[in-house]
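Line by line, the protein sequences are chains H and X. Quick note on numbering: the first sequence equals residues 1 to 457 in my numbering. Quick note on numbering: the second sequence equals residues 458 to 554 in my numbering.
Incorrect hints may appear among the rest.
Claimed, not checked - Subject to a maximum C-alpha distance of 30 Å in a straight line, what follows is the list of computed DSS-like cross-link-like pairs (lysine-lysine):
hint	chain 1	residue 1	chain 2	residue 2
1	H	89	H	309
2	H	28	H	444
3	H	309	H	28
4	H	3	H	66
5	H	444	X	501
6	H	28	H	342
7	H	333	H	3
8	H	100	X	524
9	H	309	H	193
10	H	100	X	501
11	H	100	H	28
12	H	66	H	107
13	H	400	X	524
14	H	400	X	501
15	H	107	H	444
16	H	444	X	524
17	H	193	H	203
18	X	478	X	501
To be verified - Far from chain X by the CB rule (all over 10 Å, computed), these chain H residues:
hint	residue
19	63
20	193
21	329
22	394
23	453
Just so you know, the hints here were simulated from the structure itself, not pulled from any lab data. C-beta: ideal position from N, C-alpha, C; glycine also.
The chain contents come next:
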Amino acid sequence: MSKYDIAVIGAGPAGMAAAAQAAALGAKTLLLDEQDGPGGQIYRHIEHTTPEQLRVLGKSYEAGQKVLRDLCEAPVEHIRRAAVWMVGKDGEIAWSVDGKASITNAKRIITATGALERPVPIPGWTLPGVMTAGAAQILLKQSGLVPQRAVLAGAGPLLYLLASQLIAAGAPPLAIVETNSMRDVLAAAMHLKPNATTASYLKQGMKMLAAIRKAGVPRYRAAQNLRVEGECTAEAITFSCGVRTHRFECDYVLLHQGVVPNTQIIRSLGLDHRWDEQQRCFRPVIDRWGQACETVYVAGDGGGIGGAKAAELQGRMAALHAVAGLGIVSNIKRDDVATPLKRELAAELPIRAFLDRAYAPSEQVLAPHDDTIICRCEEITAGNIRSYAKLGCTGPNQAKAFGRCGMGPCQGRYCGLTVSELLAAANGQTHDQTGYFRIRPPLKPITIGELAALESE
Amino acid sequence: MFRRIDDGEPDTCEVVFNGRKVALSRNANLAASLLAAGITSFRKTPVSGAPRGPYCMMGACFDCLVKIDGETRQACMEAVRDGLVIEQAHGEAGSDE
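Let the hints inform the model, and build the full structure from the sequences given.
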């Protein structure tokens, strides 16, 4: 007997919405999340935001309060600080809270594990003081901290959002170094399908750019050869634009090259993934409800990047389908609720065709120079991976045996895509032929003691 | 350095990082509080001894590892507690070598 009808993993927009929807329909629902509180990364710390934080973070963050309200009103059992380390297709889920492991089972599992920053392997990206743009946002949301003397570098609208938030907080970045070009943006504009939602996102973007201009933050476009200099911490960033070389002394470099689905759990279940050329990442094979196999659903950015609002809608759709599949509500009821959600989702997603092209990852991070570290944990360089290919290494799992890439504590989260890219290019194979690391539990480190205590229960 | 956007002095408590006493915001995120205290480098890597600090702040990169009560932990997933003794994680992964 399963203890729960539905277990949701991850309490970002997709997970919060999925859990709230499932419980509101009468399903016995468990929500597991690694953080202190709900919100995921996009709405991090949404329960305790101060008025000053809300002012600095702006409307897109405030939208999380509605999702939070829905969650609070639904009878969901929410376990905080729960690091899920094993999931089975039979509905089994194991996790640990503060060093104590637990295991349970659910009839259906909705994974809502969101996104990770795409790896940004450039020289010096391992230095203290170099962080992701997402990390800077988390510091702002959770701890009310803003970096001073920071340079933002890479590509993607998140750089504009972060810059405008830092400006609002009175700590404008020294510069924004963009690896994409005006030409990329113009070429991508052909893929804009005008609708009200797209127009509203573009308007938000223009507003952020206006704030950046007004604050006098310099923007460099089509930047190449990014390099962070420093002995023990980041001291400067250098890059070239055309024939000119630039150097900014700074204390922090905040990198961003878009975000990619966090597929660790779905991968560990051996479920199918396909390469998505437009988003330049793998995504799990799911149907329009988010179903990956009979018992497992994927909702939100974990199934392909669509943003916070799309994630929320996908979370509700997955919950509706799962709950109806268990016979708790009828398919008629399911479709009644889902119809307007599908319409909203259809309006949310078209902007991706523009964003994914306008802010595509740079050649430098997709094909790093030979001496650039690509596996942060084991300090493996791009040149190492290429040399494995020369010796006949055809895939990421074999590459582990050659040099331990992906076998450190992060379990390939920040090198996996780069290893696949490098091997595909070196061997002249497609990304699907090359594949990805095989992911196995435990998905997060646990002690033998935790496991043993679980056995004796 | 990092600057706090909210006015007012936070309620602090004393912890020890690498033998040095530091006042950090009580119950705040440990990695964030160490960064706010001007500590950027949290550990040395087991492979080359290179310094590392927080990179992702969301529990994924494992670069903010520190040693608390003899156990290696992600600083970004811990809270500041009174009297915490934190050591720089050094060569943990290779300690059996």
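Hints and how they fare:
no. : hint            : in the structure
1   : H:89 <-> H:309  : 28 Å, holds
2   : H:28 <-> H:444  : 26 Å, holds
3   : H:309 <-> H:28  : 25 Å, holds
4   : H:3 <-> H:66    : 29 Å, holds
5   : H:444 <-> X:501 : 21 Å, holds
6   : H:28 <-> H:342  : 25 Å, holds
7   : H:333 <-> H:3   : 25 Å, holds
8   : H:100 <-> X:524 : 18 Å, holds
9   : H:309 <-> H:193 : 18 Å, holds
10  : H:100 <-> X:501 : 28 Å, holds
11  : H:100 <-> H:28  : 23 Å, holds
12  : H:66 <-> H:107  : 28 Å, holds
13  : H:400 <-> X:524 : 27 Å, holds
14  : H:400 <-> X:501 : 22 Å, holds
15  : H:107 <-> H:444 : 23 Å, holds
16  : H:444 <-> X:524 : 17 Å, holds
17  : H:193 <-> H:203 : 15 Å, holds
18  : X:478 <-> X:501 : 20 Å, holds
19  : 63              : 20 Å, holds
20  : 193             : 32 Å, holds
21  : 329             : 34 Å, holds
22  : 394             : 25 Å, holds
23  : 453             : 15 Å, holds
Every hint, counting from the list given before, is met by this structure.
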